[in-house]
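**Q** In order, the protein sequence lines correspond to chains Z and P. For what it's worth, our numbering labels the leading residue of the first sequence as 30, then goes sequentially. For what it's worth, our numbering labels the leading residue of the second sequence as 275, then goes sequentially.
Mixed in with the good hints, there may be bad ones.
List time: in silico DSSO-like cross-link candidates among lysine-lysine, alpha-carbon distance up to 30 Å [stated by the list, open to error]:
{"id": "1", "chain 1": "Z", "residue 1": "Lys31", "chain 2": "Z", "residue 2": "Lys85"}
{"id": "2", "chain 1": "P", "residue 1": "Lys331", "chain 2": "Z", "residue 2": "Lys96"}
{"id": "3", "chain 1": "P", "residue 1": "Lys331", "chain 2": "Z", "residue 2": "Lys71"}
{"id": "4", "chain 1": "P", "residue 1": "Lys327", "chain 2": "P", "residue 2": "Lys344"}
{"id": "5", "chain 1": "P", "residue 1": "Lys287", "chain 2": "Z", "residue 2": "Lys85"}
{"id": "6", "chain 1": "Z", "residue 1": "Lys128", "chain 2": "P", "residue 2": "Lys277"}
{"id": "7", "chain 1": "P", "residue 1": "Lys329", "chain 2": "P", "residue 2": "Lys287"}
{"id": "8", "chain 1": "P", "residue 1": "Lys287", "chain 2": "Z", "residue 2": "Lys71"}
{"id": "9", "chain 1": "P", "residue 1": "Lys327", "chain 2": "P", "residue 2": "Lys292"}
{"id": "10", "chain 1": "P", "residue 1": "Lys327", "chain 2": "P", "residue 2": "Lys287"}
{"id": "11", "chain 1": "P", "residue 1": "Lys331", "chain 2": "Z", "residue 2": "Lys31"}
Simulated coverage check for chain P against chain Z, where a stretch passes if three residues somewhere in it have a Cβ under 8 Å from a Cβ of chain Z [unchecked claim]:
{"id": "12", "segment": "310-316"}
{"id": "13", "segment": "370-379"}
These are calculated hints, taken from the structure and not from any lab test. Predicted, not measured: the structure shown is a model, and the values here were computed from it. No residue lacks a Cβ here, since even glycine has one placed at the ideal position from N, Cα and C.
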Amino acid sequence: QKEVEQDPGPLSVPEGAIVSLNCTYSNSAFQYFMWYRQYSRKGPELLMYTYSSGNKEDGRFTAQVDKSSKYISLFIRDSQPSDSATYLCAMSATGTASKLTFGTGTRLQVTL
Amino acid sequence: DVKVTQSSRYLVKRTGEKVFLECVQDMDHENMFWYRQDPGLGLRLIYFSYDVKMKEKGDIPEGYSVSREKKERFSLILESASTNQTSMYLCASSLGRGISLRELFFGEGSRLTVL
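Next up, chain Z with everything else stripped away, as it sits in the complex (with noise of 0.2 Å):
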């Protein structure tokens, strides 16, 4: 079983709707959770972060850890076709030699 586990979709949604994207984890000791956002043909850019629990939110986009069941959200309110991208989540343990874990990654599509 993989640490994080992550929908592939690839989800397909009309612009203006409101995309939840989530992903699961089995390791406790994760304190650290971000989403990635990545272009076709690009490298992966940070979107948001949160560090242990609670909800976070820059703009149109907001992002859930729900610790005791191990699962966090992005959401993603009024959908654009600029948002069409693959999303990925990554976490990690607190200190220094602690790597980030990455999640598949989802593929999204907004459509016109």
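Mind docking chain P on chain Z? Use the hints.
**A** Same frame as chain Z, now just chain P:
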């Protein structure tokens, strides 16, 4: 803006060849990383480095080596390329510790095909 530059976007090599992938970052970041990205497997860490001349094995170091002689440059070496090393290779850098350690800035990737 942080810029991470990978020397080659596309490479085609033959089995047994020695392959060098070069990565340069321009923001004085301490930490540098090499990942490979494969469909269905996501990003997997090959090697990373927290400082010049330091290197640490990641999750899949077999068949690879690295070199970090200068702070801004991190090279990935395939001593004898094999077909199962056909992949997208991504270099990344980050600053410091804590959350900064985990805020990775990626290059655009090098797609390697080994025939």
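**Q** Each of the hints needs a verdict: does it hold here or not?
**A** Here is what the structure says about each hint:
Taken as a hint, the Lys31 (chain Z) and Lys85 (chain Z) pair is honoured in the structure, with Cα atoms around 26 Å apart against an allowance of 30 Å. Distance hint between Lys331 (chain P) and Lys96 (chain Z) is fulfilled; the C-alpha atoms sit about 29 Å from each other, no more than 30 Å. Of the supplied pair hints, the one linking Lys331 (chain P) and Lys71 (chain Z) holds, its CA atoms being roughly 25 Å apart against a limit of 30 Å. Under the criterion of a C-alpha separation no larger than 30 Å, the hint pairing Lys327 (chain P) with Lys344 (chain P) is consistent with the structure, at around 8 Å.
Distance hint between Lys287 (chain P) and Lys85 (chain Z) is unfulfilled; the C-alpha atoms sit about 45 Å from each other, more than 30 Å. A threshold of 30 Å between alpha carbons decides the hint, and for Lys128 (chain Z) with Lys277 (chain P) the separation of about 22 Å falls inside it, so the pair holds. This hinted pair checks out: Lys329 (chain P) and Lys287 (chain P) have alpha carbons roughly 26 Å apart, not beyond 30 Å. Taking the CA atoms of Lys287 (chain P) and Lys71 (chain Z), the gap is about 22 Å. The hint holds against a cut of 30 Å.
Note on Lys327 (chain P) and Lys292 (chain P): the hinted pairing holds, with a Cα-Cα distance of about 21 Å set against a maximum of 30 Å. With a C-alpha separation of about 28 Å, the suggested pairing of Lys327 (chain P) with Lys287 (chain P) holds against the 30 Å cut-off. Restraint check for Lys331 (chain P) and Lys31 (chain Z): satisfied, since their Cα atoms lie roughly 19 Å apart, inside the 30 Å limit. For the segment 310-316 of chain P, the proposed coverage by chain Z is satisfied: 3 residues have a C-beta within less than 8 Å of a C-beta in that chain, meeting the threshold of three.
Counting residues of the segment 370-379 of chain P whose beta carbon lies closer than 8 Å to any beta carbon of chain Z gives 7, which meets the minimum of three for the stated coverage.
Checked against the numbered hints above, the structure violates only hint 5.
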